[in-house]
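Below, each chain spelled out in residue letters.
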Amino acid sequence: KNQVEQSPQSLIILEGKNCTLQCNYTVSPFSNLRWYKQDTGRGPVSLTIMTFSENTKSNGRYTATLDADTKQSSLHITASQLSDSASYICVVTVTSGTYKYIFGTGTRLKVLA
Amino acid sequence: KAGVTQTPRYLIKTRGQQVTLSCSPISGHRSVSWYQQTPGQGLQFLFEYFSETQRNKGNFPGRFSGRQFSNSRSEMNVSTLELGDSALYLCASSSEVRGLEAFFGQGTRLTVV
Chain A
10 KNQVEQSPQS LIILEGKNCT LQCNYTVSPF SNLRWYKQDT GRGPVSLTIM TFSENTKSNG
70 RYTATLDADT KQSSLHITAS QLSDSASYIC VVTVTSGTYK YIFGTGTRLK VLA
Chain B
556 KAGVTQTPRY LIKTRGQQVT LSCSPISGHR SVSWYQQTPG QGLQFLFEYF SETQRNKGNF
616 PGRFSGRQFS NSRSEMNVST LELGDSALYL CASSSEVRGL EAFFGQGTRL TVV
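Just so you know, the protein sequences line up as chains A and B, in that order. Numbering-wise (our numbering), the first sequence opens with residue 10 and increments by one. Numbering-wise (our numbering), the second sequence opens with residue 556 and increments by one.
Source of the hints: derived by calculation from the structure; they are not laboratory data. Among the clues, some could well be false.
Derived pair list, reagent style BS3-like, types lysine-lysine, alpha-carbon separation capped at 27 angstroms [stated by the list, open to error]:
no.: 1; chain 1: B; residue 1: Lys612; chain 2: B; residue 2: Lys568
no.: 2; chain 1: A; residue 1: Lys10; chain 2: A; residue 2: Lys119
no.: 3; chain 1: A; residue 1: Lys26; chain 2: A; residue 2: Lys66
no.: 4; chain 1: B; residue 1: Lys568; chain 2: A; residue 2: Lys80
no.: 5; chain 1: A; residue 1: Lys109; chain 2: A; residue 2: Lys26
no.: 6; chain 1: A; residue 1: Lys109; chain 2: B; residue 2: Lys612
no.: 7; chain 1: A; residue 1: Lys80; chain 2: A; residue 2: Lys109
no.: 8; chain 1: A; residue 1: Lys10; chain 2: B; residue 2: Lys612
no.: 9; chain 1: A; residue 1: Lys109; chain 2: A; residue 2: Lys66
Go ahead and model the full structure; you've got the sequences and the hints to work with.
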């Protein structure tokens with residue numbers, strides 16, 4: 010069964026600190042993995058996308074890693090800001106004839122001043 | 556380039572009624588997907604339309620239906636509303652290159668009372 014699991018479910022950190030969010034997937038056949046940021050009441054916005062051959066990708070203070078062997082990805086946020094408070098969703102694309110997105114349930118991050 | 560536009564933003568309906576939500580994709584995008592997002596379930600895939608044809612379908616009852624017009628605009632209809640249909644309904648568009656980024660709209664917040 011295609012599944013994407015994220016941890017932790019929620020996280021509270023102080024402004025300026027770093028944090029790492031995890032995403033484990035059991036998906037086949039794998040096409041790519043994306044991390045989305047979703048502010049409350051708004052639609053998700055893509056942060057990074059990685060294919061099978063990519064190990065790491067950065068977008069400003071956001072760095073995503075992918076280990077295709079262990080089927081794990083992480084999103085590292087450096088020097089957190091209050092505006093980082095949001096839900097972070099890991100999405101894996103499956104391609105088998107057509108394509109399908111498998112969504113994780115997300116990690117809700119709260120950054121405190 | 557204008558983003559994905561969903562209307563209305565908010566909607567309150569009573570049980571048993573039916574509702575139609577609208578989504579205008581990014582210009583040039585022919586794929587439109589619909590998702591239901593609830594706090595407990597995360598993002599659940601409803602269906603995807605490409606060039607006026609339903610290409611993928613999630614595990615939702617037949618009360619949920621959709622269609623896509625020749626200009627790629629899409630509508631989603633829910634008949635015989637139930638309290639459990641209360642959710643944020645998100646629409647995403649992408650180009651015909653499979654696996655490319657899905658751009659999300661702001662969503663329609665549906666409340667069934």
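The hints, checked one at a time:
For the proposed pair B:Lys612 and B:Lys568, the alpha carbon gap of about 25 angstroms is at most 27 angstroms, so the pair holds. Between the alpha carbons of A:Lys10 and A:Lys119 the distance comes to roughly 31 angstroms, so the proposed pair goes past 27 angstroms and is violated. Between the alpha carbons of A:Lys26 and A:Lys66 the distance comes to roughly 20 angstroms, so the proposed pair stays at or under 27 angstroms and holds. With a CA separation close to 42 angstroms, the supplied pair B:Lys568 and A:Lys80 exceeds the 27 angstroms bound.
Between A:Lys109 and A:Lys26, the direct Cα distance comes to roughly 35 angstroms. Violation of the 27 angstroms bound is thereby established for this hinted pair. Restraint check for A:Lys109 and B:Lys612: the C-alpha separation of about 9 angstroms stays at or below 27 angstroms, so the hint holds. Our distance criterion of 27 angstroms between C-alpha atoms is met by A:Lys80 and A:Lys109, whose separation comes to about 18 angstroms. Proximity of A:Lys10 to B:Lys612 is assessed by CA-CA distance (about 17 angstroms); at most 27 angstroms being required, the pair is judged to hold.
Of the pairs offered as hints, the one joining A:Lys109 and A:Lys66 holds, with about 22 angstroms between alpha carbons and a cut-off of 27 angstroms not exceeded.
Violated hints for the displayed structure, listed by number in ascending order: 2, 4, 5.
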